[in-house]
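**Student:** Hints are included, so try docking the two chains, each in its own frame, into the full complex.
Same order as they appear, the protein sequences are chains P and E.
Residue numbers for the first sequence follow full-length UniProt numbering, beginning at 1 and rising by one.
Residue numbers for the second sequence follow full-length UniProt numbering, beginning at 1 and rising by one.
Hints in this document: simulated from the structure, not taken from any laboratory.
A hint or two may mislead.
Below are the EDC-like pairs computed for lysine to aspartate or glutamate, each with C-alpha atoms no more than 20 Å apart in a straight line [claimed, not checked]:
(1) P:Lys-65 <-> P:Asp-94
(2) E:Lys-157 <-> P:Glu-105
(3) P:Lys-110 <-> E:Glu-159
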Amino acid sequence: MLERVILLLCVLPVLAAQNCRPNAPEGHKVRLSIKTALGDEAYDWNENELFLFQSTMAYAMRRLKGQQFTVSNIVVCNETPRVSFWFVVTSPQDPSQLVPKGEVEEAVRKSRNRINQAFMLSDSTLEFIGILPTLAAPVEPPTPTWLIVFGVVMGLVVAGIFILLMLSSVQKKRKKNKIADEEEEDEDEGTRVQTPENGSTRVDYYNNSFADDERFTHM
Amino acid sequence: MRLVLPNPDLDLRIPSYTDLEKMDKEAKDRPQWDNKAQYILTCVGFCIGLGNVWRFPYLCQSHGGGAFLIPYLILLVLEGMPLLLLEFAIGQRLRKGSVGVWRVISPYLTGVGIASMLVSFLVGLYYNTLIGWILWYLFNSFQEPLPWTQCPLNDSKTEFVSECQRSSTVDYYFYRVSLNSTFSIADSGGLHPPIVICLLAAWTVVAICCIRGISTSGKAVYVTAILPYIVLAIFLIRGLTLPGAVNGIKFLFIPDVKELIKPSTWLDAGAQVFYAFGLAWGGLISFSSYNPVHNNCVQDAVILSVVTGLTSVYAATVTYSIIGFRATEKFDTCISDNIMTLTNAFDLPEMNITSSSYDAALSSLNVSYPDVLPGLDIQTCDLQILLSEGVEGTGLAFIVFTEAITKMPGSPVWSVLFFVMLLCLGLSTLFGNIEGVVVPLKDLKLVPKNFPPEALTGLTCVVSFIISLLFAQRSGIHWVALFDNFAGSIPLLTIGLFEMIAVVYIYGIDRFNEDIAFMVGHKPNIFWQVTWRVISPLTVLVILVFYLVTQAQETLTYLVWDGSSEVFPALTSVTYPSWIYAVIFLLAGVPSLSVPVYALCRLIYVCCRK
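So that you can see chain E by itself, here it is in the shape it has in the complex (with noise of 0.2 Å):
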């Protein structure tokens, strides 16, 4: 009754049950957690990463504020769960990393573990460029004054560097001092020293937490998985005693419910509850084929499911209460500046014209002299404008986070700990970003036996820094807009949805239950069911499709910092030069079209062979 397609000797691959039973009593030949914590705080501090900082607020706050969290939840209880079972139990059961997974349900399918391999490796690259400019901040943080409020001088001693003028000393600071950008991506610049330094910092910070694997990255995880949460919890206090933090509250969660009928919303939410549980990157099957076998999976993706939408909204409203502090603080100085002006322009006496007086005194003088006001530099002050400039990726935790800390008394405490909250959110990603890279190396024995496991995760990381260093040019911060725009979106969706189809149609979805019965003593429930089979793959499959065809339509642009451009201090938008179609079809087809590739090289292969 049940659609499942052949799969001979299916049960000669896949330990039995009571191999499975024997396996978990006596010789101990893979590794193991220390206890459950360990596993609940690697695959949380693997879920929770950056995005949940500065991608899930702005989503938030974009798509109509709290009404965004009604799509949020249902997907993460329809897409997420489900595959976060799926993954887990898989791993579980069949006790393998993710490419040893896929080759056992079938030959064919290795490609998928391939593809997944190939995804961590391209988003561990530019990830941890990013953790590299979070470790060059942490480093500038431990001096008064912090460096990012102060421009330098120019030539002449008497004014600032343009660029830093006409823009802010954070933009200045970001786009100039750190990353030396260049105005194109085809302009690439040369390398920039303070970058290649602190990428060298990143990945031997890495290496020494990976580098034996789950025994050194599960000690790690304590402080990364937990401090995070500290630090926001710390950060809320400060924020709701700042003045303003009500305001970008508000502004988050007041819900507009308008929002909940437009496609976009929802395709939004189903991708970034995709993107927010690490699926298909394969460093969940590898951590769940680590578990005793009788662990009960079921309740461990219900928890992670809650802990990480939980964590978002929590993370979210810290983030706002920031960010509703530096609006308000910038629409004070507005106010302030233009009162100034006014009292420069019409000599009034000092103080005559006070921020609650603002507006009327402003309509008075434009009545009174309505041809000497369009002369003067009167800014428009909007408040809601304030709230939603820049409050995205790393704009929002390098120039807008940065801003609003130089204006918290004690900046350098400041900026301390939120640059070690997101130094620890980055590095438990990576870490089950290297362990879905090393894994899968070793399964598909591309190393000698005895290479000791010490030298791979050293090797991959020595690889790693010298092809990041493609982010260290000045045009870095391009390639790095370009890898998460591409390398991360339409592989992930694709090998998402071919787990559920091997899972469900050629392992058995009738066998996958009875493990799970085995596993962890009763048969998943209907809603399991139903999602499996038929809501969780065709989710994945339209925000798929409309992805691609959304992506297929527009010119592909990207922001730069040019100080020659009218819009400036505004990000300009440029196109693409005609040969990163190339580059984007080796980050985003290659790892996708790796599943259908190898499964037609092997049918060629076989049918050669006979």
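The following block holds chain P by itself, in its conformation from the complex (with noise of 0.2 Å):
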């Protein structure tokens, strides 16, 4: 019996051991970029800071799955100066057996936030490897800002057009009773350029149109 176990315990940190390495069939590559994300106030990392992940990945297994997972449970091999490393969960219940990688996804999609408050890192500067975050949808205010400006913008335009128009017949009416009080007072006025035999009278641009025309019309 006591060989057993002593057996038992050496072979099981071999064998998980064997289950970690890079490239495991069960296996996550993490990586941290640390000083990119935080400059100056950077920490190192060291036993104590791998440490804390452990538990956070017990913590994420855990409120996944409801079983007690131990820091022991969450096996790191492979650490580089990079701050990268894998691990592998193991079972509770048979540390031989390994949780799989889908699990292991979910669980760490469902307490994401979470693990990287942990480590004040985001998405992108804690990374593992092949487990996509869901990204942020884009910031879309609920009316589109665009057409309030274009509402604005063509309510001015609109009210403009009218007041111009509005102002222009109420001047040329006013100049329409002006001319006729002064055909009134003088019979004849020969002040008019007398133009050659093509050059027929055009179309006043915008000064005079009805008020002249009316002249002519009388002969």
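**Tutor:** Here it is, written out as structure tokens:
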């Protein structure tokens, strides 16, 4: 019995070590970019930080599956100066059994925010290779802003056109009355430039169009 | 001694000097400028348009930088200024719009005015579509974050939409969200509602500004002609404080004297001067005809040429400072991405490779792990390539500049400023356009006499809006490019050539000199004589011939943003379908041919009557 226990105790870490290696079938690679995220306030990566990672992962697995995962269930290996490493998750009931990749992914997705916050990092600086974060939807205001601005501009412009047309028709009426009064006073006006035979009276562009036409139609 | 074609009854058609003096003193039956400043601002606004921001800087940079200024300035003086004075003087002397002026010189020449009207109309159609796009971007600039900074998510919410992922957010926003462009000009795709609405807004704004002719547009130019200069100054100050701006300015101005030997440089310079001055559109003739008779048009022509030349250089500096900033930003991002790729692949500590040690690190890694590196996605980061990409036309404004703006702090403010500036530049050019369409319509007596002028302008805008719905389709961008290439280029050169021949050889250069002496007080000096008679017509003829020859030789292609193509995200070059040649003939051929065709028809009509 004692030998068995000793054998098991010796074999387990080896098994676990065998299970955790780069490109392990149930393993995930984690990569942290602490200096990029925090600049001067970056902390050093050491054993304590690794312990925090293991406990956070255990928390995530507990949250998903409800089983009593502990730090020893999160096996880490192949640490690099980059700050990247591989990990596998062993089942609490049977340490030789690995938790399938899909379940680990689900756990990570569910608690991603909490994991990020534990390290003061974000989805892009604490990367789980192979687990894509769900992206934030683009910000969209409830009413499209452009319609509001369009409405304002069009309102102003249409109002402006209306006002201009009203003003011009009011001006024309005033001029008509004024010219009608003046015509009663003097009979002939020979001050217009006599244009040659094919220089017809052009339609005057703006200023006295109707008034001048009246002068000619009287004849 | 002078070569003048026989032109009977010319004296009967044009007002004499005494008539002109009378007209000036008495009944003001033509609209007039409130003051000289309004006239100069209107002309400056007409000449300074979108092309100064997005065509000239590109030409300058691609034809040898600072060296391009040499052919540009030479041709500005030899080709642009004489034609400018010609149009100013003839309009001021004969007191009519473009059709009226040519008909008075000789009834056979009415075709020149008709051609001007057609060109102004066709160009106005697509130009206002550009204004519609600018309005769309302007309306969308009033939010933070700007909508072209974000990609929409795909259905599974794990990735961005493929087209956006592979190109960039600004590309996607322009080609897919704003225009929803199709992959071929033949594929219409139906109307795109946001663009229809923006086109409506554009034509309404133009209508209100032009509705009472120069009494409204003359007031509007105080804003539309001056505001761009202010905004350019603001952008210049902001641009120069951004990192990398100096790279852009150096790229723009570093001269490459070898480019001066190439004929294409001189041709492009000549063409740019011609279009930049708004010559042959008829608008300038019309504007000048509202001047008092003794206005010094010689001085005006020189002032306008100087202002246009200086503004082009000024706008180019601002544009390239912003382009330099964007290119430097992209270059730095490219290097950072490569560093991250290397760091991740080789599991090196962070910050081990910096941007200064990047090249050394890359080569040492290449030596130690020669088979690993090609497998990684290391992009080549080249600042020169980044500086020269997409920097012409709509690509400059809607892609490069919008991207640069997103990287500036306070982007919505800069975006609003930028698009307001473009809006003003475009509007002030359109005022001249509308003038060049509406006044000939009146002169040709196509409308009943009592038709109120407001209604004519309004009707022109409504009809133009309906026709320009062609550009509001999903294939609209391809039609805009087509019109841009063909509606404005050949007809304008042809009309310009005919104008010079008409004034110098049919109206008579002697008579013209006397007119200017009467109006201004002294005859134009030897410089004007030589340029009017020989140099300018020759320059325009050479440009026209070379242009026709080069166009006839190439198969015509256009650029398409197609997600399924291999070169994506770069634009794919597609050949036009064969029926496009008929459209091109309509666009370019009909206005150009209307000059000889009208003369011929009138000849036949006169002969038949006898």
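**Student:** If a hint holds in the structure, say so; if it doesn't, say that too.
**Tutor:** Results of checking the hints against the structure:
no.: 1; hint: P:Lys-65 <-> P:Asp-94; result: holds (15 Å)
no.: 2; hint: E:Lys-157 <-> P:Glu-105; result: holds (16 Å)
no.: 3; hint: P:Lys-110 <-> E:Glu-159; result: holds (18 Å)
Every hint from the earlier list agrees with this structure, and none is contradicted.
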